[in-house]
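*Asks:* Mind docking chain B on chain A? Use the hints.
Number of protein chains: 2
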Amino acid sequence: MYTIGIDVGGTSIKAGLVREGKIIYKCSKDTDRLGGADKLVEDIAYVVDEIMKSNEITKEEIKSIGVGIPGVVAKSGEVTCVNLGLKNELLSKKIQDKFENIKVVVENDATVAAVAEHEYGSMKGYDIGVMLTLGTGVGGGIIINGKPFSGAHGVGSELGHVMISSNYYDCNCGNNGCFETFCSATAIIKYAQKLISENRESIILGYAENNIKNITARMVFDAYREEDSVAGEVVNRFKKYLAMGIVSIIHSIDPEVISIGGGVSNASDIVLDGLSQMVNDNVIFNGAGIPDIVIAEFKNDAGILGASAL
Amino acid sequence: MYTIGIDVGGTSIKAGLVREGKIIYKCSKDTDRLGGADKLVEDIAYVVDEIMKSNEITKEEIKSIGVGIPGVVAKSGEVTCVNLGLKNELLSKKIQDKFENIKVVVENDATVAAVAEHEYGSMKGYDIGVMLTLGTGVGGGIIINGKPFSGAHGVGSELGHVMISSNYYDCNCGNNGCFETFCSATAIIKYAQKLISENRESIILGYAENNIKNITARMVFDAYREEDSVAGEVVNRFKKYLAMGIVSIIHSIDPEVISIGGGVSNASDIVLDGLSQMVNDNVIFNGAGIPDIVIAEFKNDAGILGASAL
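In order, the protein sequence lines correspond to chains A and B.
Here full-length UniProt numbering is used: position 297 in the first sequence is 297, and no number is missing along the way.
Here full-length UniProt numbering is used: position 36 in the second sequence is 36, and no number is missing along the way.
Honestly, I wouldn't trust all of these hints.
Since the list can't tell identical chains apart, any single copy or any two copies may satisfy a pair.
Stated by the list, open to error - Pairs of lysine-lysine, BS3-like flavour, derived with a Cα cap of 27 angstroms:
1. K103 <-> K194
2. K147 <-> K124
3. K59 <-> K26
4. K147 <-> K75
5. K239 <-> K87
6. K39 <-> K240
7. K194 <-> K239
8. K93 <-> K53
9. K75 <-> K124
10. K147 <-> K22
Since the hints were made in silico from the structure, they are not lab data.
If we strip away everything but chain A, and leave its shape as in the complex, we get (with noise of 0.2 angstroms):
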């Protein structure tokens, strides 16, 4: 028996093949954003006939079709989406229709990363589990008791907009002080322009072509390591807020791991380094011990994989 993961983004649909855990074929299309949740369904229909065709495999070969979104799936099913424009819609349900007795799953994306680093990667073993992927924005996935956990309402595992402070700008949800808006890229990213644009000098600017708009987080960590000194001060301060983010999602959740990844883990050296005893040093009783720290396993992989198992 096979199953089917999709990774539903804003850029396109990537969708794998997937038997004891390996991806064994892989195709995608591009994200119609604006075809609302008829078009979605049909776009995963194509995918998942695609998959079928290539294969040569049947219906009845295939034991389920997960789908990770970008959005917040309510307990009801119901799922809503703001970059791809779906507001309650029951999409498991539309899938369902398209594959008779094939068991479909929709999930947030960034569980479904959980899942994937829970099942096969980082977090492998252990029962309780937190991923943070530090992207455009901050993405959270919870496991308690070796499942995805996402509250009540869909809501929980949001980490990204759990607030840990007060930041000089304010988050697009409208709050202030939200974790991705001290520890996602564009954080990172946003710091660097506000320092470099108050006239400190840096080569980040000479990376960018002179202009602040190209900066990038990767150009940042590339400074760092050339000692770059408004680099180290935008480093810092992501790593004081990513280490009392942690901390507080200690004092909440308490994992036994965490996992992080986007494209801010691929400095893993710098994001590890002294991090676990930042985290030791302000956690109220660290006599029990602390999380685990650790980098995802897997990349763009991470949304097929995840969704395949869940």
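*Replies:* Positioned in the frame of chain A, the structure of chain B alone reads:
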């Protein structure tokens, strides 16, 4: 069969004999804060013996002894409690040694209060619940899948030390911005003292016999009812951060119910007024509903009842 619940506090050890969810006998003993673990175990044995003698029951009729303590219970069973001078003490084993064949369970006191509310009170019938006790500090108790949850190392549910914003004074734990520095009775008192010491006029000062050291949270709430402007500012600040803290809890745990207890909850009319609306307005997605926000049912008996149900 009976169960015994013991609530170890900083000033007294309260014990109760419980049958079918009702306390049928109570007794207590002063806490010997300097006596260490052995004295505490001796005192617990004393109140248990006193319960058995006064009610003419034998060890065989007692199913379990539950103990709530104001500290951290590590997954190993080791108890650390700064206020009682306990560090990594295997308290349940020591108590067990005194009462062979009776099951002994030791838990954090806020978790115990959550168990009481979940078994018999305001959170009954809910699967995922969070208890917030707003007193001298802010305590937290979490119920997941109907069971108390305190994470992998016993430090989860220390919700008073989740950071939510930056504050004008540091928390006792050494961090800045902890929930309890905004929403405990202590936080309310401190902010009223701060405003009054800045020469703001307030009837609170009269209530406190012209000594700001006498100010209590209750005086602030009483003055709020009299439309005192300082009290208004203090209460509005408290409510704003209470809503933010609850929003953060939703973005991580997203419970079905949040129960507010502790001394501050005595002003339930003021605490609840508009609170759900503020929370609803600030969660990133409210289309699927937000938790019910309620006032805890048990005051002084929560510790005994909850411990007896562990």
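*Asks:* If the cutoff is 27 angstroms on CA atoms, where do K93 and K53 land: within, between, both or neither? Let me know, please.
*Replies:* within (23 angstroms within a copy, 62 angstroms between copies)
*Asks:* Reference check for the pair K147 and K75, CA-CA at most 27 angstroms: within, between, both, or neither?
*Replies:* both (15 angstroms within a copy, 20 angstroms between copies)
*Asks:* Is it within a copy, between copies, both, or neither that the alpha carbon of K147 lies no farther than 27 angstroms from that of K124?
*Replies:* Close inside one copy (12 angstroms) and across copies (24 angstroms); limit 27 angstroms.
*Asks:* When Cα atoms must be at most 27 angstroms apart, do K103 and K194 count as within-copy, between-copy, both, or neither?
*Replies:* For K103 and K194, the Cα distance exceeds 27 angstroms both inside one copy (49 angstroms) and across copies (60 angstroms).
*Asks:* When Cα atoms must be at most 27 angstroms apart, do K147 and K22 count as within-copy, between-copy, both, or neither?
*Replies:* So K147 and K22 pass the 27 angstroms test inside one copy only (20 angstroms; across, 35 angstroms).
*Asks:* Under a CA distance limit of 27 angstroms, which applies to K75 and K124: within one copy, between copies, both, or neither?
*Replies:* For K75 and K124, the Cα distance is within 27 angstroms both inside one copy (26 angstroms) and across copies (20 angstroms).
*Asks:* Within a copy, between copies, both or neither: where do K239 and K87 come within 27 angstroms Cα-Cα?
*Replies:* neither (36 angstroms within a copy, 31 angstroms between copies)
*Asks:* Indicate which option fits the pair K194, K239 if close means a Cα-Cα distance not exceeding 27 angstroms: within, between, both or neither.
*Replies:* Within one copy, since 17 angstroms is at most 27 angstroms while 33 angstroms is not.
*Asks:* Taking 27 angstroms as the upper bound on the Cα-Cα distance, should K39 and K240 be classified as within, between, both, or neither?
*Replies:* neither (43 angstroms within a copy, 42 angstroms between copies)
*Asks:* Is it within, between, both or neither when you check K59 against K26 at 27 angstroms Cα-Cα?
*Replies:* within (17 angstroms within a copy, 65 angstroms between copies)
Hints 1, 5, 6 from the list above are not met by this structure, while the remaining hints are.
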